[in-house]
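Q: Residue-level listing of the chains:
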Amino acid sequence: MPAGAEEIFRSEIQPILNQHCLACHGTDSQLSGLNLSTLEGLLSGGARHGPAIVPGHPEQSVLMRVLRGEVAPSMPMGSAPLPDGKIQAIAKWIEQFKPAQEHADDNDWSPFRANGRPDPPDVSRDSWARNPIDRFILARLEEQGIDPAPEADRRRLMRRLYFNLVGEPPTPEEVQTFLADEGESAHDRLLDKLLGDPRYGERWGRHWLDVARYSDSTGGEANRELYHMWRYRDYVIDAFNSDKPYDEFVKEQLAADEFAPTDPDKRVATAFLRLGAPPQSQIRRVARQQHLNEVAGTVGSVFLGLSLSCAQCHDHKYDPIPTRDFYRFQAFFLPIENVNVDAEITKEGTRELVARGRGAAEQRLNLAREAYEAYENQLLAKFRSVLREEGGDPSSATPATLRVRLTDAVANGVVPRDEPSFSRAEKVEYIRRLSFVDGFRGGRDMGVYRRQVERHLPKIHTIENARESPYGAGLPVQFVRVRGEVDNLGERVLPGFPSAVTGTDDPAPLPLDSLGNVNRWRFPLATWIASPENPLTARVMVNRIWQWHFGRGIVATPSNFGANGIRPSHPDLLDWLADEFVASGWSVKAMHRLILNSATYRQSSIRFSEHANEADPSNTLLSRIPGRRLEGEVIRDSILAVSRRLNRARGGPGVYPRLPEAMKDQMLVKNWPAWEPSSGPDSRKKSVYVFQRRQLALPLLEMLDAPVPQVSSEQRRISTTAIQSLAMLNGRLVAEEAQHFAARLEDEAGRDPRDQITLAFRLAFSREPTKAELRRYNEFAEREGLAAVCRVLFNANEFVHVD
Amino acid sequence: MLIDLQTGKPTSRRQLLLQSFNGLGGLALSSLLSQDSLASTQPPRNSAHHPPKAKNCIFLFMSGGVSQVDTFENKPELAKIDGQRMPVLPGLATQLDAYVRSDVVAVGSPFEFRRYGESGREMATMFGNLGGVADELAFVHGIEVDSPLHSAATLHVTTGSVFAGNPSVGAWVAYGLGSENENLPAYMVLHDRRGGPVNGSAVWQSGYLPASYQGTLLRSSGPPILNLKSSTVGSAETSRREFDLLRWTNEQHAAGRNATDTLEARIAAYELAYRMQTHAPGIVDLSDEPASVRNLYGLDNPVTEPFGRQCLLARRMVERGVRYSLLVHGWENGVYSWDHHKEIRDWLPARAQEVDLPIAGLIQDLKSRGLLDQTLVVFTTEMSRTPFIARKAYGARVGRDHHRHSMVSWFAGAGVKGGSTVGATDEFSLSCLDQPIHVRDIHATILHLMGLESDALTYLHEGRHKRLTDTGGRVLNEILA
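Protein chains in written order, with the numbering used here: chain A, 1 to 803; chain B, 1 to 481.
Pulled out of the complex, with its shape left as it was, chain A reads as follows:
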């Protein structure tokens, strides 16, 4: 581009577009996929017409043609055409405009090709950089003439680190200790402490559970409970806590049944492959194909950042992924079958917790069983006398015949049978006590207790390869499904890696047993994915880590690195980090240290520079740290931590915080309690341990943008609604915990209201109240009481928002 063309865009063209076009085609609305707020947006264009401009050729540029009314609809839609002067200015600029050369490398950057380890660039403000990350960041900022923000003050930085790494605010003591320690190594010590804290795994495991579409029930109409899925959740938490090398983490989730079938702590990882929503067809072969599509698509997007699913029906429109490759990739999964196997709980603490839970559940079950049998015996006695009167054989009265006598099965349930000997009320009561969900029949309560026992049994959900093809005799064979239609068989294909990455569509070598049968299907795939040579795997994971720290990935579509995803903002940095990640032995914690020690991360969240605001309004270049509203889980956990009521017990089957009374109809599925409210401390475990039922989320978390766990979720949305405000103001959690928070203040701060308020601010905001705050809160407390103060603090932006 001739010198100045980009400046002309910023100074002359952008304001025109801002004024007339951005309402519909801005970063925010992107109608037709068109975003005219940036140069890149103009060049990549929209869904309907392609690129908005052809550099050097205004007459061929769609932008000009719609502005001049040569192409319908003329723009701006529904308004008068732009003044001639503005149209000419744009035309002139397009004519002078030549595509940028400065970032030729960026444009060439391809996710499918390894780029080696780029050198950190030279920067003029060398002293700002604390490590190589900063040089990559600063280089881009300097290009734009933007200064990085000053370092955040230590108190705010500390709070940021706590929320980021352990998902709770620091205690006042921790704040004091850190602030008193002014040495340069204080930061390091804090990092060590937080990365070693078991809450770290609970916080970061949750990130992975979003990606893994984690859920404790299958979803769909049956929505069956996955009784042992919590073992996978604990596995993920432990993997983060122990800093399990990411390559192992990948391999275990994809194929542990093939290489460590008898190691429960590894094999449990394969539950990842079972977490997809159930297929939506009743036709077996269709359902099977849908299942395999889900598995292949999810593995592609989670581990490789490739939207393979797009190639299910047609060759990928944007990436070099032919349909054939989708079915070759899927072929690795052909023989998978879901199985539940015995697998002891090896983890200390969890083992005891589960044993206790099992004992209690069995006891409840026995009591319920006795009660039910007593009830049933009464009915049977009556049944016998009825039979006697009818001249039948009284000894034929059994629980089974009783059921036939009293009920009729209709397609979707059971109704009282039309017969005269028992009253309708008796039949209704009988049906009420029966249960027909999740395979447990018997008294309804009994069914619930049996379910509770089941959750505590030492089993895992895993997969194994079918000994024979699930389709019949012989080994499974894969065909391309033309247009994605199950019965429209195309070419036969063998398992193989995406040709876009390997450059070949040769079949992958699969290990054979002595009889010549394939004995490992997914292990070769897992090994290929978790390999330093794979150009995607490390990049995709470091990008996720980056996103979980900064709110936005270097590639802002972390599960889609393809052409249709968003291009990396700092491709060299991404490549450097990926290389560093592999070199560190795939250590996630090593990445944390690198990132959290950078000057980039330590910047303030406050926008200091008007220039930065204009040159980089979306802060893609990171000239400050984006402030963020915390996730629902963190908010709930922080409320409980501050009220001193958080139950820090770790692991084990999911817990069920009470739902609002108004939701009681949703708690019943076909008359079966879908939610078994926990009482006491169980209901106050950390949010990561809340039972995650598909189609029934904890309302507070749902309102605060918890993901819908049907599909892999690459990023949390952040929305702001009045419904959230109502939940935080009036919902039970805040109301109850505000009382406990107040009690804590009275307990720990003594009787002076000013001391109580001071402690409240320290606990909730990690700071002292200002004089004005102390005065106003004191006045308010005198009138409305201390609990009302606590409620206001829980609702404050400062509580739910991290700088």
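Everything labelled a hint here was simulated from the structure, so no lab data went into it. Predicted model, so just to flag it, every value in this text is computed and none were measured. Even for Gly, the Cβ is constructed at its ideal location relative to N, Cα and C. One thing to keep in mind: the hints can contain errors.
One-sided excerpt, in silico: chain A residues whose CB lies under 7 Å from chain B [claimed, not checked]:
(1) G220
(2) Q695
(3) L696
(4) S719
Reference excerpt, derived from the structure (chain A facing chain B, CB under 10 Å, subset only) [said to hold, decoys possible]:
(5) M77
(6) R607
(7) R629
(8) Y777
Label pairs and their in silico Cβ distance ranges [stated by the list, open to error]:
(9) A:R432 <-> B:Q252: 54 to 60 Å
(10) A:E661 <-> B:P290: 28 to 34 Å
(11) B:P302 <-> A:A222: 32 to 38 Å
(12) B:E319 <-> A:R432: 39 to 45 Å
Start from chain A and add chain B according to the hints.
A: Same frame as chain A, now just chain B:
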């Protein structure tokens, strides 16, 4: 400096936020939040693609699969072969699902049909009240659904996809248009008092759209919206003092952070919450409705009262500018739904009786108030039923299984040509004749009437521009005025 787009005058960010808040359904906040979160960089358009015919939509969803041949699609040929083996129609075998077996027995409808209105619309007499407004209705026959399973089909009809996790139609509308009422959400949901539909909240969720667009469940008794009332705060005065302290605290906090938009948005959200506490209870307070109106909806009869109340609330929401109301009738898929595998002779009329009068009353009431010109009413279910006997049914307990090729829906109100029909099925209602009509065509038509183009209403998600209608969607011009 920010310019108010309507007045052209400078305005504060806060003012702009409040003005554009549009109820919590359609809040245009995300545009102002964009600096901090990629996730919220796609705000609602809050403006139509073309002049809308309908400002509001009432979507009546009958859960369970209404049997079309017993309600809105009379098939005399089917009656003729009642009790005989279904003839094999050429070319059908490949289209039909597992439910279709070769040895099935045809069941003619046991119900009486009649012609209604000037248009001579044929309907089962169990919908006699609806017959009274037959000339307002435009029918769509032979609609193709992607699945014959309740869960998937319900999601298909309510969200455009058989897989959960996608935004519901109302969420798209709220995203596209926002709300007209500052004190209420743009998208409200009322489900059957006996319980919610299959899939629960997945039916009205916002999927990958921000949570602000999801349907808000309105309860017909007690506090109408979850958490609307405080369990601890007694007086309005206390509540106001609490809000004031909170706002002051948040303003202090924002001032030290040169006011990022997320913080401002949250301050505005609390102000809306405060107003909702005052305004929302009024919607469900029906004491100001005269007896004549209440009776029009059947509130005087315990059979029609529950759905009648839902319908009356829907009219009140239209009056208050709620964009989209989803009314669900039928609980799960048990005996209280439209899922009649058995005993269809008893249960189908029982369900119809619950909705016939209330829906007719709704249409009359909207019309007499001049609201039908701006309100679109859509009646649908999630699938059709077989013209032959269900597997588990026998003798007098006749019923029908699931089917997915011949669903019937109807439209009424704004922009709809009353008395018209589009689509047709073969003589046994097995599949669509001629050009197939798909669920996405229903959705495209709803969006079109509301001023939105289905191919232009997109949301960038994981690198793809997602649409309600995915890659297709034909506006059913045949039934438009």
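Q: Next step is simple, just say for each hint if it's right about the structure.
A: Verification of the supplied hints:
1. Below 7 Å, beta-carbon pairs count as interface contacts, and G220 (chain A) has one with chain B at about 5 Å; its hint therefore holds.
2. At a threshold of 7 Å, the smallest CB-CB gap from Q695 (chain A) to chain B is about 4 Å, leaving the interface hint in force.
3. Satisfaction of the interface hint for L696 (chain A) is found here, the shortest Cβ-Cβ separation to chain B being roughly 6 Å, below the 7 Å cut-off.
4. At its closest, the beta carbon of S719 (chain A) sits 4 Å from a beta carbon of chain B; the interface hint therefore holds under the 7 Å criterion.
5. Hint status for M77 (chain A) relative to chain B: holds, with the closest Cβ pair at about 8 Å, below 10 Å.
6. The beta carbon of R607 (chain A) is positioned within 10 Å of a beta carbon in chain B (closest approach about 6 Å), and the interface hint is therefore held.
7. Hint status for R629 (chain A): holds, given a least beta-carbon distance of 6 Å to chain B, under 10 Å.
8. The interface hint given for Y777 (chain A) holds, since its Cβ lies 7 Å from the closest Cβ of chain B, which is under the 10 Å cut-off.
9. A hinted range of 54 to 60 Å holds for the C-beta pair R432 (chain A) and Q252 (chain B), which are about 56 Å apart.
10. The hinted window of 28 to 34 Å between E661 (chain A) and P290 (chain B) holds, with their beta carbons roughly 32 Å apart.
11. A C-beta distance of roughly 33 Å is found between P302 (chain B) and A222 (chain A), which places it inside the suggested range of 32 to 38 Å.
12. Taken as a hint, the range 39 to 45 Å holds for the pair E319 (chain B) and R432 (chain A), whose Cβ atoms sit roughly 42 Å apart.
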